[in-house]
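Residues per chain, in single letters:
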Amino acid sequence: MTPSRPDLDVIVEMVPPGARVLDLGCGDGTLLAKLVAQKGVQVRGVEVDEANVRASMSKGLSVRHGNIEDGLADFPDGMFDVVILSQTVAYLNRPLGVMQEMARVGRSAIISFENAGYWQVRWRAVSGDGSGNTLASGLPRIRSITLAQFHDALKQLSLRPEAHVFLHGGSRVQWWPSLWADAAVFRVTKA
Amino acid sequence: MIVHTQQVTFDEELRLQSGATLRPFTLAYETYGTLNADRSNTILICHALSGDAHVAGQHSVHDRKPGWWDEAVGPGKAFDTDRFFILCSNVIGGCSGSTGPSSINPETGRPYGLSFPVVTVADMIEAQRWLLDALDIPTILCATGGSMGGMQALQWAVSYPDRVRSAIVLASTARTSAQTIALNEVPRQAIYADPNWNEGDYYGKEAPNAGLAVARMIGHITYLSEKSMREKFGRRLQERERYGYDFATEFEVESYLKYHGNRFTSRFDANSFLYITKAIDYFDMSLGRGDLAQAFTDVKAKFLVLSYSSDWLYPPEQSEELVRALLRNGIDASYVEIKSDYGHDAFLLEVERLGELTRDFLAKVERESAGPPVPKTGPTSSSAEREEKVYPLASWAAKSRGAWRLADVRKQESA
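Line by line, the protein sequences are chains A and B.
Heads up: the first sequence begins at 1101 in our numbering, then just goes up one per residue.
Heads up: the second sequence begins at 11 in our numbering, then just goes up one per residue.
No lab work stands behind these hints, which were simulated from the structure alone.
Warning: the hint list may mix true and false statements.
Said to hold, decoys possible - Pair ranges (Cβ atoms, derived): (1) B:R240 with A:S1278: 52 to 60 Å; (2) B:E241 with A:S1278: 53 to 61 Å; (3) A:S1278 with B:D92: 58 to 66 Å; (4) B:R240 with A:A1236: 30 to 38 Å; (5) A:G1238 with B:E366: 23 to 31 Å; (6) B:D92 with A:R1241: 46 to 54 Å; (7) A:R1241 with B:M239: 33 to 41 Å.
Keep in mind that this is a model prediction, so the values were computed, not measured.
No residue lacks a Cβ here, since even glycine has one placed at the ideal position from N, Cα and C.
Go ahead and model the full structure; you've got the sequences and the hints to work with.
Take a look at the structure:
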């Protein structure tokens, strides 16, 4: 697990109390458990790793074990108020297909991702380290997503950003986020 | 834990799905643990093809083996007898104390044989419903079982939505596949082909044990996985150093199948095998409905569905089909595909992870279904009242932001 996830607190803030929430790639259920405790929401999760599914269930959550890219098809249209995809979109094979499905099953979607336009990432790329996901690091395949690319994707899917928060090391960034934000959280809805 | 099988006989008509009736009928059952004061802590365990009411413990201190799911049922185990009242009954059509083809037909004074009516999974749970009424158990906290036991748990949640608070379905399906029907038909053919079978009329004579043993051998193959067979037996020879170039039992796997096939004949009736496999073949929750999801529109139970990665008799895809149909109805369902090399048998063997999951799931069910049990008779509370009682959080959310269930989502959309 990522040691520090400031985006999770932002997501909790963005979820209205009492909402019906689906978390895609819910991991060990940390975010959903937070949401239940702080927002009194009803939650479901989808998670691909068996041990994580069991960890989520130990927090009293209901989880469908499976791949996001297949599992989302199980849920009916408009079943959720909010569908969350936190720090996962970069790892998907068909990110746009999943985002479209999120818009189908939810009234709004919250998506957080690491900004590949962040100056340090750009610097790593220029200085020869690439995205930091090197041959030797053995990290899973990951997509580089910039804020501009994300906006393009939203336009393509006819989705509209309702709210956004840009982060840098856990603090909010207002100024020139495409360069200064290391992470972004968007709440989007159908345009 | 010493337990005793009990029996109850109903001098009533059991109306079967086929239209036939059965009267009288007897069910054999065992119970473990204590029924609590408000009679709300019952876990109904449903057995699979060759199981019986003896799910755990021993009948006497001299018993060599405990019940068929002893690893999962007992104090502190996956189904904790310190906390729950566990009930398990032998299915109707069986041969371990419940009425089946080997029972005496009161009209003729002779065993039924093939004159016993064909029973279905729905008939099995209808018989269990009589038992629950006799024991004055209004609601089941959880109906559970693997394989055909999972089918019964599912059928319970569909047939009696107000009496079932949750279901744990292991290594099962919502509709028996062509492959499973095929793997039931070949064993049946083995029994038919045994001259002793004699159209099912063999009681008091030599039983069709050769056919039944072959039937069981086929079953045992389907319960294992390629990998578990490779690891368990490999190509090892039994009591021989080298090939004999003859047809004696020489591979370990042959010896294993032969042993289990023969042992089965001492405790199981060939006709019961035919009837129960037929019930499995007929099982199809989508029967008479447009699609599978429509089968679950009235279901109120929470679900935990478990599949096992190497199970090829009831492969994970079939559990996923079930889960999809449940989720499409807005039912609170969790699904876990447990990684295991044990094949279909994994549902009996992977008890450690099962225990972890059942504890968490049952705790959630108990937490979220606190309140008085739904009355068995009398005016049924409106769904809003019920939600208030059973799911306080759900009813609050439903009022403020529209209801959770699909039916209500649909209503909102058409409004």
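Evaluated hints:
1. Here the CB-CB span from R240 of chain B to S1278 of chain A is close to 56 Å, well matched to the stated 52 to 60 Å.
2. The given range of 53 to 61 Å is respected by E241 of chain B and S1278 of chain A, whose C-beta atoms sit roughly 55 Å from each other.
3. Checked against the given bound of 58 to 66 Å, the beta carbons of S1278 of chain A and D92 of chain B, roughly 59 Å apart, stay inside it.
4. R240 of chain B and A1236 of chain A have their C-beta atoms about 36 Å apart, which keeps the hinted 30 to 38 Å range intact.
5. For the hinted restraint 23 to 31 Å between G1238 of chain A and E366 of chain B, the CB-CB distance of approximately 30 Å keeps it satisfied.
6. A beta carbon spacing of about 48 Å between D92 of chain B and R1241 of chain A agrees with the range 46 to 54 Å that was offered as a hint.
7. As the Cβ distance of R1241 of chain A to M239 of chain B is approximately 36 Å, the hint placing it in 33 to 41 Å holds.
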